[in-house]
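Quick mapping for you: the protein sequence lines, in order, are chains B and S. First residue of the first sequence? That's 1 in the numbering used here, and the numbers climb one at a time after it. First residue of the second sequence? That's 1001 in the numbering used here, and the numbers climb one at a time after it.
These aren't lab readings, by the way, just hints derived from the structure by calculation. Watch out, some of these pointers could steer you wrong.
Stated by the list, open to error - One-sided excerpt, in silico: chain B residues whose CB lies under 8 Å from chain S:
1) Phe67
2) Ser68
3) Ser72
4) His73
5) Gly116
Virtual Cβ for every residue (Gly too), placed ideally from N, Cα, C.
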Amino acid sequence: MRTLEAGQPVIRFESRYRARDGSYRWLVWNAAPHVGERLVRAVAHDVTERKQAELALQLTNQELETFSYSVSHDLRAPLRGIDGFSQALEEYCGERLDETGRRHLERIRAAARRMGLLIDALLHLSRVSRTELRTGAVDLSALARMVARELQERDPQRSVGFVIAEGVTARGDFTLLRVALENLLGNAWKFTGKWEDARIEFGVETAGGWPVYMVRDHGAGFDMQYAGKLFGPFLRLHEAAEFPGTGIGLATVQRVVRRHGGRVRAESALGQGTAIHFTLGGEEQDGKEDVAVGAKTKEANHEPNRRHPARRG
Amino acid sequence: MNPIGAILLVEDDTDDVDLTRRAIQKNDLRCEIAIARSGQEALDYLVAACANSGRNPAGVPRVVLLDLKLPKVDGIAVLRHLRTDERTRRLPVVALTSSNEQEDILASHAPGVNSFVRKPVNFSDFVKAIGILGRYWLQLNEPPPVPNP
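Next comes chain S alone, as it looks inside the complex (with noise of 0.2 Å):
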C-alpha cells in the first residue's frame, strides 16, 4: 500500500522518535515519516521541500511534529522562522510536547501553532494521542495548497 502523506517529526531525544514511529505502525498510518533531530534541520528539510513543492508536493509533509525543546533553535523558534517564510507559512504544525505549562501554551498559539497536544507518560495513551492526530491530519484534513514556485 502507498503512504498516504508524510510527517514530519521534529524531535531530537531519540527514545521518543522511536516510540513514535511504534506509535504510528501501533494505528496503522501508513505514512513516511521524516526526522528532523534539531530545529535547524527542520527548517533546513522544510524550507527545500516547500521550495520544491512545484515538482515534488508529495514531499511537503502532511503535517510537522514539533518538540519544543530542542537544542540551539527551539520549538518555538522553528514555528516562527517557518510563519515568516512565504514558502512554509501555511504548514500544518502540532506542538508536541511533554509541557503543559501555560507559557509554553501561549507561546506556541502566538506565532500560530495549528493545535498543541502534550505527550502523556502511558504509552497506551500516547498511542491514542498519535492515532487521533494522524487519522485528523493525514485522512480528514484538506492540506493547503502548495504555492505556485
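Next up, chain B with everything else stripped away, as it sits in the complex (with noise of 0.2 Å):
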C-alpha cells in the first residue's frame, strides 16, 4: 500500500488468502495508482495451482536429494567389497581353482565395476536435474574446442578432424553446458571409433528467429525404428561389446537442454551418421515432445515435420 501510496506500480505481489470453506488461495497482485483520477487499477491472478506444484516439486527434489545421498553412501560400499574380496579370493585361491572358476570370478569383478559405473552415471544424471541453475554468457565454440581436445589427448592415436564453428555462445549455465558438449562430442567420438579420418562438426543454425545448436558426425548412426529408446536413462541402441558405455550420455544431454527451456532431437541413418540438434529456449514452446527423426528415410522424405513422441526419462 505505501507503494501505491507514492505513486508507484506494484507488480507481482504474492499474498495468501483464506476461502470460506478454510482452504488456502494464491493471489499474484498487478496494481497502479492513478493519482489524478483517485484510483487504484489491480488485477489479480489466482495461482494456487501454480503454488501448490511448486510446493510439490520442492518435497521432490528434497526426496530426489536423499535419494541421491543414499545411492552415493549406501550403494557403492558393498560393490567395493565384491570385487575386492574376489579379488583377495583370486589371488589367495586362485590356484585351486581352474580355468572356468577363475573366469567366473573375472565376471563377478567386471560386473561389480560396472554397476559401480552405472550408479555413478546415475547420480551424474540426477545432479544434472538438481543442480542449480547459473546462466550467464557461454562461448560455445570455446567449450567444444576444449572437449574436442580433451577426447584428442585422451585418445591420440586417433585422427578425427573437428570443424567447430566460431562465435557461437549462448546464456546458459556453464557447467551443465560443458556436461551436454562431453556428452555430445564424446558419442560422436565413440560412434565414429570404426572410421578412419572421421569428421565431427559443431555448429549452429538459426530456425524462426532462435539458434538452434547442432553436433553431427559421419559414424555409425542408428536405426531410426529404435529412436523412441534414445533419449531413455540406460536405453542403449548398440552392443555393449561394439560400442561401451551406460547409456546415460543422451539422457543427460536432454534434461540439461530442458533445465534451459530448450528441446533436443536427432537426426540419424544407419552407417551414415547422427546429427543431435538442440535448443536452449526462447523458441515458441508448443508442448511437442522431444524427438528423434530420421533422416533420408522414406517417411522423413514424405513428411520432413513429422514428430515421433519419444520415449521421456
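Two independent chains are provided; combine them into the complex using the hints.
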C-alpha cells in the first residue's frame, strides 16, 4: 500500500488468502495508482495451482536429494567389497580354481565394476536435475574446442577432424552446457571410432529467429526404428561389445537442454552418422516432446516435419 | 622394520576396514593402523592421544582417514569437534568416503578438512588411492609440531 501511496506501481505481489471453506488461495497482484483520478487499478491472478505444484516440486527435489545421498554413500560400498574380496579370493585361492572358476571370478569383478559405473551414471544424471541453474554468457565454440582437445588427448592414436564453428555463444549454465557438449562430442567420438579420418562438426543454425545448435558425426548412426529409445536413461541402441557405455549420455543431454527450456532432436541413418540438434529456450513452446526424426528415410521425405514422441527419461 | 607412523581409520563398515588394511599392506606402507568404529570412539581416541602427546608423541596419528557416514556422531561432526578443540585442531584429516556429492565436499571443507578423497569401487584403484595418500601423509608431509601439554 505504501508503494501505491507513493505513486509507484506494484508488480507481482503474492499473498495468501483463506477462503470460506477454510482452504488457502494464492493471488498475484499487479496494481497501478492513478493519482489524478484517485483510482487504483489492480488485477489479481489466482496462482494456487502453480504454488501447490512448486511445493510438490520442492518436496520431490528433497526426496531426490535424500535418495541420491543414500545411493552415493550406501550402494557403492558393497560393490567395493565384491570387487575387493573377489580379488583376494583370486590371489589366495586362484591356484585351487580351474580355468572356468577363475573366469567366473573375473566376471563377478567385471559385473561389480560395471554396476559401480551405472551408479555413478545415475548420480550424474540426477545431479544434472538437482544442480541450481546459474545462467550467464557461454562461449560454446571455446567449450567445444576444449572438449575436442580433451577427447584427442585421451586417445591420441585416432585421427579425427573437428569442424567447430567460430563465435557460437549462448546464455546458459556453463557447467551444465559443458556436460551436454562432453556427452554429445563424446558420443560422436565414440560412434566414429571405426571410421578412419572421421569428422565431427559443431555449429549453429537459425530456425524461426532462434539459434539451433548442432553436433554432427559421420559415424555408425542408428536405425530410426528405435529412435524412441534414444533419450531414455540406460537404454542403448548398440551392443556393449561394439560401443561400450552406460546409456546415460543423451538422457543427460536432454535434461540439460530441458532445464534451459529448450528441446533436443536427433537425425540419423544407419552407417551414415547422427546429428543432434538442440535449442536452449526462447523458441515457441508448442508442448511437443523432444523428438528423433529419421534422415534420408522414406517417411522423412514424405513428411519432413513429422514428429515421433520419444520415450521420456 | 619399525612402523613409520600411525594412521587412525575411522570406519564402521567391517568390509571397508579389511579392504583398507589390505590396501595399506599392498602398498607396503609399514604403519600402525588404529581403528575407530564410530565418531565418538574416534574423538575419545584422538583427544587422549593428543593430550598425552608430550609423553608419547608417536601415539598421535600422522593422518586420520575419516569416513563421513557414521552412526550417531557422523564424520562432519567429528571434524568440527577436532577443529574447535585446541589439542586436536591441527591434526591432518582426510575425508575418505563413498560419496562425491557436492554437499559432502562442501560440508567437509567448511570446517577445514585437509583433503577429500572418494573411495573407488574398483579395488585396484582403491589400492592406488591409499598408496598415494599413505606416501604423502606418512612420508612426504611434515606433521604439525606436537603442542605443549
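Hints versus structure:
Below 8 Å, beta-carbon pairs count as interface contacts, and Phe67 (chain B) has none with chain S, the closest being about 12 Å; its hint is therefore violated. With its C-beta approaching chain S no nearer than about 7 Å, Ser68 (chain B) sits inside the 8 Å limit, and its interface hint holds. Using the Cβ-Cβ criterion of 8 Å, the hint placing Ser72 (chain B) at the interface with chain S is satisfied: the shortest such distance is roughly 4 Å. For the restraint placing His73 (chain B) at the interface with chain S, the shortest Cβ-Cβ distance is roughly 5 Å, inside the 8 Å limit, so the hint holds.
With a least beta-carbon distance of about 3 Å to chain S, the hint placing Gly116 (chain B) at the interface is held under the 8 Å criterion.
Checked against the numbered hints given earlier, this structure breaks only hint 1.
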